[in-house]
Amino acid sequence: MITELPDFVVSPPGLRPAPKSVDLSITGRCNLKCAYCFYANEMAHLSDLPKERWLNFFDELGSLAVQRVAIGGGEAFLRPDLFELVDGIIDNKMRYSLLSNGTLITEDTLEAFDEGKRRLRLDSIQISIDGSCAEIHN
Amino acid sequence: MIEIKPASPISTNFDLSTKPVANPAVIFREGADNWAVLVNMDTAASIALNPTGILILKLIDGKRSVESIVKGLRDQFKSVPDSLTDDVVSLLKFFFRRWICWTGGPILTAPKSYVANPVVSCGDEGNDGAVLFNPDTDDSAIINATGKAIWISLGSPKTLQEIISILEERYQIKSPIDQTAKEVEDFLTTLTPEFVQEVSQ
Numbered sequence: 000m001i002t003e004l005p006d007f008v009v010s011p012p013g014l015r016p017a018p019k020s021v022d023l024s025i026t027g028r029c030n031l032k033c034a035y036c037f038y039a040n041e042m043a044h045l046s047d048l049p050k051e052r053w054l055n056f057f058d059e060l061g062s063l064a065v066q067r068v069a070i071g072g073g074e075a076f077l078r079p080d081l082f083e084l085v086d087g088i089i090d091n092k093m094r095y096s097l098l099s100n101g102t103l104i105t106e107d108t109l110e111a112f113d114e115g116k117r118r119l120r121l122d123s124i125q126i127s128i129d130g131s132c133a134e135i136h137n
Numbered sequence: 000m001i002e003i004k005p006a007s008p009i010s011t012n013f014d015l016s017t018k019p020v021a022n023p024a025v026i027f028r029e030g031a032d033n034w035a036v037l038v039n040m041d042t043a044a045s046i047a048l049n050p051t052g053i054l055i056l057k058l059i060d061g062k063r064s065v066e067s068i069v070k071g072l073r074d075q076f077k078s079v080p081d082s083l084t085d086d087v088v089s090l091l092k093f094f095f096r097r098w099i100c101w102t103g104g105p106i107l108t109a110p111k112s113y114v115a116n117p118v119v120s121c122g123d124e125g126n127d128g129a130v131l132f133n134p135d136t137d138d139s140a141i142i143n144a145t146g147k148a149i150w151i152s153l154g155s156p157k158t159l160q161e162i163i164s165i166l167e168e169r170y171q172i173k174s175p176i177d178q179t180a181k182e183v184e185d186f187l188t189t190l191t192p193e194f195v196q197e198v199s200q
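From first to last, the protein sequence lines stand for chains A and B. Positions 0 to 137 (numbering that gives the first Met the number 0) are the ones given, in order, by the first sequence. Positions 0 to 200 (numbering that gives the first Met the number 0) are the ones given, in order, by the second sequence.
This list has only true hints and no planted wrong ones.
Cβ pair distances, simulated, as ranges:
#1 E59/A with P156/B: 22 to 32 Å
#2 T188/B with K19/A: 23 to 33 Å
#3 P79/A with I141/B: 37 to 47 Å
#4 I104/A with A24/B: 50 to 60 Å
Everything labelled a hint here was simulated from the structure, so no lab data went into it. By construction, the Cβ of each residue, glycine as well, lies at the ideal position given by its N, Cα and C atoms.
The task is simple: from the sequences and hints, build the whole structure.
The following block contains the structure:
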């Protein structure tokens, strides 16, 4: 008979108590419909988590000393509150990177990176290029 | 001539040419019973001192060596125990540990405060210590359990003296106070400025 349950909060030996980095899809929506991508069909109709839920989650990641968050989607730049989420990551002592198809990045978007530590904490923006020429990529 | 014999284990490894310096932050109040209360205003720690201790404390002026303090006592009293050198060294070691006085030198006489860099995260690794991460510079540092204790204490600014007092409360430190201070300062220097910031006083 089990008289005492093990403490599942304690990490097994050799494992960190929390991950160093986390990859997140902050939206299921995308402005493109790439043939290979399941987001266009399966994810687009699902509702995204509201900003407050993400910010609470970032607080939790910060308390676990997670170091990096990779923000993807869907298309991350479709979220009008994207930079508020970025600031939530920054406020919780983390760095971040972005995955995007690049089509929504404008001059205004680039200027928005100048605020606070958004540029300092940015590891990279990864732009998807799915072919060697426009015909294949598009 | 009085012969000073550092014969026992207590004083054998102690440099008798050391010239102790009184900590100016320590307030000294003599009572009617010839005892005194010492209060360290930096740490709020206090101790009671008996008349012999008071006598030795009064000989600490930054100019006299331990050797000359012992000689001064021998000159002052006709009868002193054979263990006088050991007794004085033992008391001085106690003073060093309580920061009532120190041996001089740049580390301990030029107090500065340290505080954890507020942007740094601390990933607790249990008994293994912790991983510090500065997201602004993308630097990380692995520290052991003692380092973690120091780091946690730096949530508010602390002098080297205060950090060592905290360590002394938690661990039984056997190494000389100067060596401990040097090791802690080396540790803090390694972490500065990415993880720890110096605060000028």
